[in-house]
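Residue numbers (the numbering used here), protein chains in the order written: chain A, 11 to 509; chain B, 322 to 638; chain C, 15 to 348; chain D, 35 to 367.
Since the hints were derived computationally from the structure, they do not count as laboratory data. Predicted model, so just to flag it, every value in this text is computed and none were measured. Each hint can be trusted.
Derived coverage of chain A by chain B (criterion: at least 3 residues anywhere in the stretch with Cβ under 8 Å from a Cβ of chain B; other residues may be distant):
| no. | region |
| --- | --- |
| 1 | 331–340 |
| 2 | 343–352 |
| 3 | 357–365 |
| 4 | 369–376 |
Don't be surprised by glycine CBs; every beta carbon is placed ideally from N, CA and C.
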Amino acid sequence: MLEVLDVSKIFPGVRALDRVSFRLAAGEVHALVGENGAGKSTLIKVLTGVYQPDEGELRYQGEKAQFGTPMDAQHAGISTIYQEVNLIPQMSVAHNLFLGREPRNRFGLLDEKRMHHEAREILAGYGVTADVKRQLGTLALGAQQMVALARAVMIDAKVVIMDEPTSSLEPREVETLFGIIRDLHRRGIGIIYVSHRLDELYQICDAVTILRDGRVVHTGKLAELERIKLVSLMLGREMSGSFSAFKESDPEVSDAPPVLRARGLTSRRKLHDISFEVRPGEVVGLGGLLGAGRSETIKAIGGAYPLDSGDVQVDGVDLKKPTTVRAVKAGIAVQPEDRKAEGIIAGLSVRENIALAVLPQLSRFGLVSDAKIDAIVEKYMTRLRIKASGPGQLVGDLSGGNQQKVLLARLLATGPRVLLLDEPTRGIDVGAKAEVQSLIDELAAEGLGVVLVSSDAEELIEGADRVVVLRDGVVVGTLTGAEVTTEDLMATIAAGGNQ
Amino acid sequence: MTTQVAARPAVNLKGLSQYGVYLAILLLVLYNIFFTPYFLTWSNLRIQLIQVAPIVIVALGMALVIGTEGIDLSVGSVMALAAALIPLYLGYGVVAAILASLVAGVVVGLINGVLVARVGLQPIVATLALFVGGRGLAVVISEGKLKDVRNPDLIYLGSGDLLGIPVLVWIAAALVVVVAFLVRRTVFGRRLLAIGGNRPATELAGLPVKRVLITVYVLCAVLASIAGLLSVARIQSSDASAVGLLIELSAITAVVVGGTPLTGGKVRVLGTVAGALLMQLVIATMIKHNLQPSTTEMVQAVIILIAVYVARERKTR
Amino acid sequence: KSEDDGSSAGSGTPASAGAQVVASASSGAATCTIDQYGGTKLDLKTAKVGFSQSEKEANPFRIAETQSIKDEAAKLGITNLTTTNANSQFNKQISDVEQMIDSGVQLLVIAPLNSDGWDSVFAKASAKKVPIITIDRKINATPCKDYLTFIGSDFAEQGKRAADEMAKSLGNKGKVAILLGAPGNNVTTLRTSGFKDEIAKVAPDIKIVFEQTGNFAREDGQKVTEQLLQSNPDINGIYGENDEMALGAITALKGAGKKAGDVKVVSIDGTKGAVQAIVDGWASAVIESNPRFGPLSFATAQKFFGGEPVDQDVIISDRQYGQDNAKADLASAY
Amino acid sequence: MTMTLPVATPEDTRRTDRTDRIVEIVQRQGALAVLVVVVLISFATFPNFRSFDNTATILVAAAPPMLIALGMTFVILTGGIDLSVGSLYVLGGVLAAWASQFGFVTAFAVPLLVCGAIGVANGLLIAYTRMAPFIVTLAALLGARGLMRAISSEGSATFLVQSDAFRRLGNGSFLDIGYQVWLVAGLVVLGIVLLARTRFGHAVYAVGGSEDAAALMGIAVRRTKIWVYVMSGLLAGLAGAINAAKLGSGVTVLGTGMELDAIAAVVIGGTLLTGGAGTIAGTIAGVLLLGVIQNLINQVGNVNSNWQQVISGTFLALVVVAQTYLVKLRRVS
Ligand SMILES: Nc1ncnc2c1ncn2[C@@H]1O[C@H](COP(=O)(O)OP(=O)(O)OP(=O)(O)O)[C@@H](O)[C@H]1O
Ligand SMILES: Nc1ncnc2c1ncn2[C@@H]1O[C@H](COP(=O)(O)OP(=O)(O)OP(=O)(O)O)[C@@H](O)[C@H]1O
Ligand SMILES: [Mg+2]
Ligand SMILES: [Mg+2]
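Sequences and hints are given; from them, build the entire structure.
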C-alpha cells in the first residue's frame, strides 16, 4: 500500500539514501533495520514529506504520491513517531495530543473541556494517567513517547511509522506498545518499525528490510532470517555469537576501597537518602523504571542537579556541595541521558568536542596547543574507532553511535576516576552498542569505577557487577553476584519498598 | 573566520557565504572609483578608516557576546559613561582619565554579565536596563554639560598620526588582532564558542560557564568604553548625551553582516571588521553623492538584507 | 539632540547680560486679552503653573531655558511650579501636558518639541480655559484661541541673517555647504529656507553644493564635514544650522590641515564655544538664539492675568557676534 | 531561557506545595501583581493620581503602545522579534494624516495596507530564507523610516488631518474615555481569544515552543510566522493612525525606541523571549506599568530628566529580575 521506488537522498557530503526501493503491504508490520547512519530516519522523513527525494518516486495506495509537508502525509493517513520525541515540552499534554486538530465548538473556538475529556480517555488506553493539563515536559520521557504514539494513532491512519519507539520505554510500556501494534495489525494498518533491539523485531515484525550505507541489502520475511544472519547483513561483516559484548566480570575487585561513595543524596521530591559505593574496576548498575530518578541521581553526583543534603566522595575525598566544575576536577565524568540537548555540541567539530573539557591541560598560559589537541583527539578517535570524515567534521553530521563515542571520548580525555553513564547505548546500533559495551568493560578493567544506567534490562544484567535498584527516588534493593538476573531485577522493582 | 575547520563540501556556496561581505565591499569600492570624485586618495581612505574605527571596536565586543548566543544593547550607554568620566579625571592626567572610563566599562560589564550568567536574565533585557539607565547616569555625571577637551595627549590619541597612520586606526587594528587571537588560539575563545553552541552541554562538561559569560560581557563593555574615550579624543569634547547614540544597532549590523550568526557558537572577527567597513562605505558614498537621509536609510536596509541573505546559515539542522 | 546644543554652558550667567529683548518690529501687531481668550483673572504668585520642556536638559540651551523659567518663578515668588521633560519623545510631551492640565494648572508654558500635533492638548486646555504660552518653537495653530501667545526667535530670520554674514565674508561668491539640523524639525526647515532664499537674493553667485544632516550634533557635524572635504576640496563656506555642528566642522577643518579662515564658518546659537571660535578666527559670524525665556514669559502672563492686552507674537531680537564684538560679548554668551 | 540546569537556593528547598502554587500564580501574573501594588501606593501618595481624568489620560497615552505590544507579544511567542514597529508606527501616522484628505476610510486603509505589506515582507523573508528576525526587522526599521522621510520631504512636511470624523475618533470619547481606548480594548480582547481559543493561537505557542516539532506535527510553521509579522505590522500601522487622529497631524519626530519599549513591556509581562510561553494579560500589565511609572515620575514633579531615565532603567531591571527569579523557583519545583 506504501511503496518507494529507487529513491535517493543526498545531503552535503553524504548519499543518505541510494536508489532505495521498499514496499509495505497492508496489515504488515515491517521492520526497518540498519547501522547508525544507514539511512533509516532519512527514508522515513522522505516517506512523510519532511525531505523531498532527489531521485525516485513514492507510490501510495496504488497511485504516485508526492508529500510536500508532513501535514500532507498526515492528511493522506500516514502518521509517524519520530526518533527523538517530537512534541512541545512547554504545552500541556492535551494540547500536544490535539495540536493542529483541536475540537472546536460552533463558534470555531477551541472546546477545551471536550479536549481534556477526550485526551484523558485516549491516554488511559496507553497507560498514561498523568493530568492532561500538565506541561508535557514534566512527564517522564516514556510517558512523553506514549503521548506521541497516541497522537500518531489517533488520526485514522492507514500507515503508522515508528522510528525507534522503545528507546525510552520501560518494559511495561513496551508491552502496552506491542499490544497497540498487534491491534493496528488486526485493523489492517501497515506499520513500519525501526529499532536496534533485535529481540523486539522478532517479537512483532513480519517482514524486514535491511539498509546499509543508504542501500537496501536485504528485504523479505523476518521469520526466514535468523538473528546472526540479520546482524551480519546489517554490519556487512560477520558477528560473533553473543550480542552483548560484556565479558563475565571479575569479582576480586570488590575488596578495594571505594572510588566513589554517595551518601544520603536527597533532593526535593526527586531523590530520598540515596547511598551507594563504587569500587575501582566495578560496574554498578542503577536499575529502576523511567522516572525512578536514576538520571537525577547521576546528575546530582555530577553536580548538575541540586542536592539538599547528602555528600559525595571520590577516593575518600569529600567534594562539599558538588558543582559540575568540582565534580570534573575530582574525576567524575557524566554522560548525560539526552545526547543532543546536553551532550554533544553539534555545531563544533569532533576535535573541539573531544578537547572541550581538558583545554586547560592542552594549553600554555591560556593558549591552546594544537599539537597537544591533535595528539589526544587522534588517540581517542582511533581507540574508540570513531567513524568521521576527519577530526574537522561537525559532530552534528555524525550518526548516533559515533556521536555517542565522541561524547565518551570527551569524558575519557578528562582522565576520570568514575564514569557515570546514563543510557550509553540508547539509539545506537548493535555494532556500535557492542563496541561501547566492550569499551565499558575495558575501562572497568583499567580500574575505573563505572555507574551504568540503562532501561535495557539485558544490558544492565550483562554489564553490571552489582545493581542498585531505585524506585521513586529511593533505593529499594541491591542485587549482587548471582542475584544479578532479569528475574531478580524485575522482582525487586515490583516488590518496591517492602523489604 | 571561525575556529572550526568546517570540512563540509558545497564549497562554492559556502565560499560565497564566507566572502559575501568582501565581495560587496569590492563592488562598492569599484563603483566609487568610477563615479565618486577624489575617492581614490589616501586622505579619503584615511577618513573612512578613522570614522569606522570606533564602530569596529564596539563591534568586536558585540561579536564575542553574540558568539555566546547573547546580545548587548548597553554599549552606547557605556560609551557615554566613559565619555562623561574623562573630563572629571583629566585633572589627574590622561592615564587616570582613561583608567576611570575603563573602570566604568568593567562595572557595567560585570552588571550585565551577572544579570545574564547568574540571575539568568535574557541578554537583550538584561542589557536593555543599562541601555536606558546608563546614558541617563552618564548625563547626570556630566551635569548635562558638553565639556571641551584640550589635553594634548588625549587629543593625540584621537587625531594624531603614527608612521603616517592615525593612532586611532592603529589601536583599532591592534584590538582586532587581539580579539581574533583570543577567539582562535585561547582556551577562553574555545569555551566561548562551545557555550554559544550548547550551554547545557558545556555546563555538564564542567566548564566554568558563568565565569566565561561574565568575562565576555566585561570584555564587550570595556571595548565599548575604549571606543567611548577614543571618540571623545577625536571630537575633542565630551558630550554624554550624544556619544555612541544608536551604535548598538550599527555594531550588531556589522557583526551579522560580517557572517556571524545570532544563534551563537561561531564568531567571524575579520568578517565583523568587513561588515563595519561595508556599512561605513555605504554611508560615505551616500554623503559624497549628497543624497538625502531617506535614500541612505533605504539603501542601507537593502544592503543589509542582501549581505545577510548571502551569508546566512544554510544548515538544515 | 537640540538645535541649540552648545558648548561649556553657563546657566548661571547674569540675566542682565544677554537678557531677551522684544524686537520693536512686532509691537503694534495683533494682541490678545483675557476677555478674548476666556479664563479668569488671578494672581500669578498663588497660581498653579506648569512648564513642559521638550528635550533633556543635556545642552546649554535647554539648561539655560529651564533654569531661567525656574529662577524667574522663584524671583516672582511663584511656589506652585511643576516641570516635566519629554526626553525628545513627542507623545510623552503630549501626555505630560495633558497630565498637568488634569492636575489643574492655571498657566502652561510649553517648549514644544514639534510644531504640529497639539490638537488633543488644545481640546483639553480650552475646555478648562488654561492659557498656553509656547516658547522658542512656534505651534502651527491660532494664537489667542488654541494658545495664548508665542515668545521666541524668528528662525527664518536667523537663517537670513546667517546668509547675509556668509555672503559678506565670501564677497558674494563661492561654494557653500549646509550642515542641516535634525530632519523633520521645523527649526531645520526654517533655518534652511531662510538661508537659501536670502543667498539667492543677495548673492546669486554663491552656489550651495552640499547639504547633509549633522543632526544638530558635534560629532555628526565633524563626520559629515570630513566627508565633504574629501568630495568637495574646493569648498569656501560652511553654514552650520547650530553651533555644535559648526564646531564639529571646525575640528574637521583643523584635522584636514586647513588654516583658520580658509573656509568661512557661519552658525546659529551664540554659545560660548562658538563665540570663542570667532575670537580664534575659525568662525566668521554667529547669530544668537536666546534661551532665557523666564522673565518675558512671566511678564506676559502677568499682563494677561492683569487684563492688559498681550502680543500674539512676541518675537525677540537676537544679537549676533562677529569679529567686531565677539571678544567683548564673550562673557554674556551662554 | 534555554534549559539551564535548575539552581537550588536555600529557601526554595524548604518550600511546601502550597507556597509553590502561590508562587506560581504570582509568577503567572507577576507584572499584574507589581502593577496593583504600584497603583495602590500611588493612590495613597498622590492626590492628583487619583483623579479620573488622570486615569483616562494614562489609558489614552497607553493606547498606541498597547497595540504595538500586542503585536509584539505574538511575534515573541513564536520566538521571533520585530524591531520595525517603531518606524511603522511613525510611517502609519504620516500616511493616515496624508490619506485623511480622501476621507475616514482611506485614512485607515492606506497605513494598514502599507504597514501590512511591510509585515508580509518581514514574514516572508523570515519564514523562507531562515534569516534572523532581528536582522530582517532591523532592515525594515531603516527601510520604513526612509520611506516615511521620503514621503514627508525628509520629515519637514507635516500632513494635517483633514477628515473631521477621523479627528473625532482621536479626541472624542464615550463615557469620558477616549474612543481609541475602547478600540484598543476591543482588539486586545480579540487578541486574547485568538491566542487562547483558536488553532492559530496554539500554533503560535507550538512554533515558539519547538519549531521542528511543530513542523513534524503538521503545523504550518511558515504560515504561522508570516501571520504574526503581518499582525505586528498592521497593529503598528493602526497605532500610528489612531495617534495621528489624536494629534491631528502626521508627526514625523516620534517613534524612536518604541520597539524597545514594546519588547520591555512584553518581557515585563512574563513572556519569554525564547518563545512558547507568555500571556497577553501579562503584556497589558507590562504596558500599563511603564505608563504608570512615567506618570508617577511626573507626579513627583521636578525630577531631573536624566534621573528619570536612571530610575526607569533601574525599575526595569528590578521587575525583570523578580520575574526571572520566580520562573526559576517554578523550574526547580
Ligand atoms: N540533515 C542532514 N544533513 C546532513 N547529513 C545528514 C542529515 N541527516 C542525516 N544525515 C546523514 O545521513 C545519513 C543517514 O542518517 P539517518 O539519521 O537516516 O541514519 P539512521 O539510520 O536513522 O541512524 P540511527 O540509527 O542513528 O538513527 C547519516 O550519515 C547522517 O549523517
Ligand atoms: N520535571 C521534568 N522536566 C523535564 N524532564 C523530566 C522531568 N522529570 C523527568 N524528566 C525526564 O524524564 C525522564 C525520566 O525521568 P527520570 O530521569 O527522573 O527517571 P530516570 O530513572 O532517570 O529514567 P531514565 O534515566 O531511564 O530516563 C528523564 O529523561 C528526565 O530527564
Ligand atoms: Mg534514525
Ligand atoms: Mg533519566
